[in-house]
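**Student:** Residue-level listing of the chains:
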Amino acid sequence: MTRHLISLIWNRRRHNFLLSAEIFFSFLVLFGVVFTSLKFADNWRQPLGFDIERVWNVNVNRTGPPRGPAGVFATFQQLVVAARELPQVESVAAAVTAPYDDSNWNGDERLADGRSVEYSVNEVTDDFLKVVSLQLVHGRWFSREDDADTLKPVVINRRMARAIFGTDDAAGQIIHLQHVPDAPPDEPRGDRRVIGIVEDFRKNGELSDRGNFLFHRFRLDVDGTTSAPQQFPAVLVLRVAPGTTAAFEETLVKRLQAASGGWTFDVRPVTQQRLDMLQKYATPLIAIAIIAAFLLLMVALGLTGVVWQSVTQRIHEFGLRRAQGATMGNVRRQVLGELAVLSTIALVAAVLLVVQIPLLPIDAHEYSLLANMSTERGVFFASVVLSVAAIYGLTLLCGWYPSRLATRVQPAEALHYE
Amino acid sequence: MLRHYLVLATKVLLRRKFFTFISLFGISFTLLVLTIATAMLDHAFGPAAPETRQDRTLAVQYAILYGPHNMTGNSAGFKLFDQYARNLPGVERLSLFTRNFEAFSYVNGQKVQSSMKRTDGEFWQILDFRFVEGAPYSHDDVDQARFVAVINTTTRRRFFGSGPAVGQTIEAFDQRFRVVGVVEDVSEMRNIPFGDIWVPLTTVKSNAYKAQLMGGFNAIALATSRSSLPAIREEFNARLKRVELPNPRQYDTLVAPFETKFENFARTIAEATQGFAVRKSPTFAESQAWKAVVAFTVVGILFALLPTINLINLNVSRIMERTSEIGVRKAFGASSQALVVQFVVENVLLTLIGAVIGFVLSLFVLRALNESGIIRYAHFAMNVRVFGFGVLLALAFGLVSGVYPAWRMSRMHAVEALKGGRLR
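In order, the protein sequence lines correspond to chains H and L. Those letters in the first sequence? Residues 1 to 418, by the working numbering. Those letters in the second sequence? Residues 419 to 842, by the working numbering.
Okay, chain L solo, but in the shape it has when bound:
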């Protein structure tokens, strides 16, 4: 039966090529945009190297001191994490590292700009970098303040051309580092691991950072299991209340919450629309995560609304053209249900053809985005998750746009239909 429907559907689609073209254009374009959006989200938030253990990782990415009239700061200092974030219950590993800063080097008279991070040894244990050469620096390298560096493949190409880099030296920030490892490029959208050059944090020119409560540092914590995440946040927030603040009369509250990656992103969106005041609540980011999911869904549905209405209109027109066929089938005893199924199958088939075109186009667009370099080291790609989601979207799109016209069609009276009557 289904095979019969499919043959019929192909015939119908080929009969009016202009209509088929318009429908396919709309469907493939809509699915193209939705697939690209999905691929971008997956690229930023899906579990992939180096953030393979993302589901049980938390990060502190801002710290602010609040007073009755003032606020100051934007990131935490080494001392804050060193004194208050060690030995949190449920935390397997804790890594402290600086925010990214830009380093400028001269290679054969050319200026090279690199994004640099100073990290501890744990950084390489929590994050799962893919090494193409050498290995990360060890705890011992950090303790001894050895001038060693891990670089990414782009930096290797800039400094050393196509040859190997391990054992060679690079100059950055007036310091010379011996390269010990080369890792694959990490996208800028993964801001925790992102960088061009990573060096031990002890190589900084002065060790004044060890005494600073505020400024320059982020921390990530790897929990033993997902279930211990709430307890970790609570304990750290409680400890922050006990921090001895340098000037309690002016600033009496310190906010520096642990966030998941998606919460961090949701908070950034909220800040863009509601201002930075939202940072004052340490639990704000947690409350925003589901709102961001809702917002994405609403934007996606709003975007798909216009193509859906367009396709419904086209489908209604297509049915009107076939009123005599419907009349004949009804007169020979076809049930309304059978007609509905037939039309929905036709529409789903059309949508799936459109989806295939959309997928192929999205491969090209994603490659163009990767090559444009708008986002540093972005590598948007199609994978099983994105593909599966795209197929689901296509089926939903086909059903939604097919069911209403089919229902209208099935209610047509046989006599009227045979006369070439119109839909009411």
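Bound-form chain H, shown alone:
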């Protein structure tokens, strides 16, 4: 049967080649959309690592006369104290980036053993854990104990611990960085002591990819000159008491302005920032998915038309087969079978092309969609299977009505047509 179908298809190879090409490109379009959607669904299931209930982000603009590193840190210290004194504020921390805000800080380091790690970074004060409810899984969080440490204390996420040390429980281990032979002596470099592991801190939210994350510790009480700071804090993150309303915003800003002596502040509701961030991730996918849906609808209609036409044209062929004793089911299977063989040819070619992607040597930050396809094997293969199934479903659906037409032919009528 299949051999017969293939020889039938071969007889009309030019026409069928174009149909296969159409199915081939439809698969590629569908696969891109399915992969991205499944990736987002997978990201959504992963732990976020923090909680934004009753959390407010306050952006700090250091307007006014410059005051040098020591002055900046001293002012932040005053701000934290001032905010904490307000009864509506439960806890407050200073940080470089806050949950769901726009700024990102990324680093990459070469380790002593030659590997290099890329990660996102934040530098925070000791209360940060409490404010955003980070989930500590091993070791401990920053505290006054770290004041005397000669190494820089860091807290990393589970994924980074696994990447560097091969184990989740890396508390107490040291990240040895590669020594740069001709580095100037005053360059801030040095090994880091991992004091704790947190579940995660995916600050860009539910749809963002998982990655390595590392926290440095801010000390506001030092003069800022002993160890040159890499960054200044840019945001105050605070958790307010239950029942605090937006009316408190103005009180808070006035209080902070008074404490800072000329800086300006803006309070960003984190729930709004979360929606903005989700929208930022989802909008391109939605736009592309709409276009893809129309493309596939167009292909489906086109395919239906083509199969319909070919069935009408071959009506005498089917009539002849019926006259020779083929059942209705046989004829219908022939029409659908031809479509299935065409789809298989297209899908084999397309899948062979697509499975090359995980084998490509892709640099991690190049072409993020392709890089994701090569690292997220589970999602990748699920997308291949789902897309293949969907394309088979689509082509057979297109053949459904025309194949019914083919079975309705009365043998006598069809033979008469000839």
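Some hints here could point you the wrong way.
Output of the computed footprint for chain L on chain H, the stretches with three or more beta carbons under 8 Å from beta carbons of chain L [stated by the list, open to error]:
| # | region |
| --- | --- |
| 1 | 9-19 |
| 2 | 23-36 |
| 3 | 257-270 |
| 4 | 309-317 |
If you are wondering where the hints come from, they were derived from the structure by calculation, not from laboratory data. We put the beta carbon where it would ideally sit given N, CA and C, even for glycine.
Keeping the supplied structure of chain H fixed, place chain L upon it in accordance with the hints.
**Tutor:** Frame of chain H, contents of chain L only:
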């Protein structure tokens, strides 16, 4: 003859309504997407107010210090431009202004967020803002650090409702400014002029910026002619090599190139895919512009590929249905060429009908995009350039999808065709 073809084509199209519908659906949808993409590109890069002199404008939009192991900075400081970008040969005017920053004001208890820029007086000479009220602030206002502001129409509505704004005051960043002019909204996609509120750069709280080599400033230069652009870039890059760097042992190279608007965009795309390392070459953006054009074309062709194959398949089917007609015409002596022309004319007619539907739909989609506010103050619109490009696309689409089926049809033998034979 052509008229005859057209009448025939209309008859054929009306005979099989389902096929005509499918074809029109595909054509109008494809042209809809391509037209919207073109309108967006035109909105961002076409010459329009306030960037009417875009073809001879260059901008510096980043500055980075590189050392053997480190890099720092992301924008240039006032001092860098003030000391090294003045009096470049071939430059007619130079404007220095800050990057946009968000300002928050309270109007009747409501919080209003505005995007703000501090600029010099030249800014208003290089860029061609459309004033609906008042006028820009002058060099004198900037020199005297007067607290005056130009706002856009949206900001006027937020602060003052429907009334006029000139002469009134607004509060932003703890400072009070007297409004001297109101301009039409400028789209966020035009990042150089974009803003809600523009004020003199001298109104900043401290004048420490005057001594800073790095941080916070962009510059645009208006060249006397297009031909002087390469010389301007070269001279500025050469001058940057002579800049006295504060800590040459740690950072020994300063990169801050002049770019055209499209180069700036091409570089941003390259950064998204290749990382920020590409910024290190001052000529990188220039080399990327043509690559971006190629990339857009390739994406456009890839997108149109599926609809094209779809339409070819449909056309081949339509021809098969008409084999007896073709057989009769061949038997009565019609040449292959005549048949090809007839079919291509039919297909182009179909495409043009689809294009008209696509254009009408795109007007609705563009309006919906404008109203959605996804891009601040975007005003995507159909204009002569976009329309002309769309017509070209439609004709190309019609020819490409019509020629191959027509050629297959013309090769059919008359006898076979009369028997209702099939295409090989």
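**Student:** Indicate, hint by hint, whether the structure satisfies it.
**Tutor:** We went through each hint and held it up to the structure:
no. : hint    : verdict
1   : 9-19    : holds (count 5)
2   : 23-36   : holds (count 3)
3   : 257-270 : holds (count 4)
4   : 309-317 : holds (count 4)
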